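Chains as they are written, first to last, in my numbering: chain A, 1 to 275; chain B, 1 to 114.
Hint data in this document are derived by calculation from the structure and do not stem from the laboratory. As the structure is a prediction and not an experimental result, all values here were calculated from the model. Each hint should be verified, as a subset may be incorrect.
Chain B is faced by these chain A residues, among others (derived, beta-carbon under 8 Å) [to be verified]:
1. Ile71
2. Ser80
3. Ala81
4. Ile85
5. Lys148
6. Ala159
7. Gly163
Simulated pairs of lysine to any residue, SDA-like, Cα-Cα distance not exceeding 20 Å [said to hold, decoys possible]:
8. B/Lys68 to A/Val65
9. B/Lys98 to A/Lys86
10. B/Lys98 to A/Val61
11. B/Lys98 to A/Glu120
12. B/Lys8 to A/Lys197
13. B/Lys73 to A/Lys86
14. A/Lys190 to A/Ala253
15. A/Lys78 to B/Gly67
16. B/Lys73 to B/Val114
17. B/Lys73 to B/Phe112
18. A/Lys86 to B/Tyr86
19. A/Lys197 to A/Ala208
20. B/Lys98 to B/Val62
21. A/Lys78 to B/Asn25
Even for Gly, the Cβ is constructed at its ideal location relative to N, Cα and C.
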Amino acid sequence: MNLIKRFFTGMKQEAEPESSVMAEEVEKSTVAEVSQPEPQPEPEPEPQPEPETETPSNFPVVRSVIQISAISEGVFPKDSAEVLIKAQPSPTGDQCLFTVNRPLMTGNSWFFSDFESAVESSLAEALFCLDDVETALVCESTVTVTRKDKTLVDWVPLAKEVGTAIREALGAGKDLIAEKIISNLPSEEKIREGIQKVIDDEVNPGVAGHGGNISLLAVKGNSVTIQMGGGCQGCSAADLTLKQGIHTSFRKAVPMVGAIFDETDHTAGLNPYFS
Amino acid sequence: MPKVNTFKVKVQTGLQGMSEPVHFNFNNHKLPFENAVGSAESGKVFEGSFDVSSFAHSLTLVGPESGKWEIEKITIEYDCENEKPYTVHFGRVTLDEKTEVNIWQDPPVLAFDV
């Protein structure tokens, strides 16, 4: 009898595989009829994983990435009497950063666009005496130089000439930056207003077509720090946008603006171009 | 965006530490460190490394799942393909369950004295 019931049960399981629960119940009742064992304690339910309270969905928590600056271990030995200069060409080769172990312009920065702008600034005058120097940006203890001949990537010959020019200017004892430039520097508030206006009226409407946006993060002296967001963040053309678009617009609208820093982390976020 | 062969990290924890294993996030893959020594508890030093052999797009140190982790100093030694090994130092930062800190830095650009 039991065997027959098992057979029918097996047939039922084969015929209705989707009703396996029902088939199991039939089998259990069959066993109970035949042997009538002692009542078994109900099997304990298998421990189910507790639902995550903080993340109801299966998506992982998206953490925000904190950016902190790396600690500089010191480019130069301390208290060196000698004028030390390090040259650091940019990866693209379009400009070279010169770091000096002396202050060149404290608290502010100045962009020299041509020889005429260098009048009475001994440092810039010395630099523009070099044939290949196109522009010079002086900020704290650094000078960033761009060259006229964009086809040359080897900076060593020009960098040595720039180094000599910086030393000569420092040794001459004249004003490195013209007094009239320093005395006419506008307040941070004026710089902020001017830059914010050009961002709102000119830059952001321009980059909005590509889903991008630019925001002004900070103004220190006449140096500004911006951040590129939206489609600009991580875009392969961000450097071009920054140097040929944003820099030009800023300097045209606010001629007194000095260094323009970009704080954008182009590899951060969920879907930057570079990743 | 070089190919990272290996990197070693040394984390000095400040006053508030954590007892969880230390994880990093490489190109959005959260992983534990290999060769882990020490701990991230208060005042302790944690050291770990990882053989990556992959191109670095992002690398972060992940905060604890609960509580806060006050980091005093992070030192990372990178060994990248076709680059000289280089070391990067980061200062104080506090991490929690919603944050991670970027510890990736491209190899230093060649600089020379003039």
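Hints versus structure:
About 4 Å separates the beta-carbon of A/Ile71 from the nearest beta-carbon of chain B, less than 8 Å, and the hint is met. Hint on A/Ser80 is violated. Least Cβ distance to chain B is approximately 12 Å, over the 8 Å limit. Annotation: A/Ala81 was flagged as interfacial toward chain B, and the flag is violated, the nearest CB pair being 16 Å apart, outside 8 Å. Interface hint at A/Ile85: satisfied, since its Cβ lies 5 Å from the closest Cβ of chain B, which is below the 8 Å cut-off.
With its C-beta approaching chain B no nearer than about 19 Å, A/Lys148 sits outside the 8 Å limit, and its interface hint is violated. Evaluation of the A/Ala159 hint against chain B yields a held restraint, the C-beta minimum of about 5 Å falling below 8 Å. Satisfaction of the interface hint for A/Gly163 is found here, the shortest Cβ-Cβ separation to chain B being roughly 3 Å, below the 8 Å cut-off. Distance hint between B/Lys68 and A/Val65 is fulfilled; the C-alpha atoms sit about 15 Å from each other, no more than 20 Å.
A C-alpha spacing of about 40 Å is found between B/Lys98 and A/Lys86, which places the hinted pair above 20 Å, so the restraint is violated. Simply put, B/Lys98 and A/Val61 have alpha-carbon atoms about 7 Å apart, close enough for the 20 Å limit, and the pair holds. For the proposed pair B/Lys98 and A/Glu120, the alpha carbon gap of about 53 Å is over 20 Å, so the pair is violated. Of the supplied pair hints, the one linking B/Lys8 and A/Lys197 is violated, its CA atoms being roughly 46 Å apart against a limit of 20 Å.
Distance restraint check for B/Lys73 and A/Lys86: the Cα-Cα separation of roughly 27 Å exceeds the 20 Å cut-off, and the hinted pair is therefore not satisfied. In summary, the hint linking A/Lys190 to A/Ala253 is supported, as the alpha carbons are separated by about 12 Å, within the 20 Å threshold. At most 20 Å may separate the alpha-carbon atoms for a hinted pair to count; A/Lys78 and B/Gly67 exceed this at roughly 41 Å. For the suggested pair B/Lys73 and B/Val114, the alpha carbons sit about 33 Å apart, so the restraint of at most 20 Å is broken.
Proposed proximity of B/Lys73 and B/Phe112 is contradicted: the alpha carbons are some 28 Å apart, above 20 Å. Restraint check: the Cα-Cα separation between A/Lys86 and B/Tyr86 comes to about 18 Å, which is no more than 20 Å; the hinted pair holds. Only pairs whose Cα atoms come within 20 Å are accepted, and A/Lys197 paired with A/Ala208 is accepted, the gap being roughly 16 Å. Our distance criterion of 20 Å between C-alpha atoms is met by B/Lys98 and B/Val62, whose separation comes to about 9 Å.
About 37 Å separates the Cα atoms of A/Lys78 and B/Asn25, which puts this hinted pair outside 20 Å; it is violated.
Checked against the numbered hints above, the structure breaks hints 2, 3, 5, 9, 11, 12, 13, 15, 16, 17, 21 and satisfies the rest.
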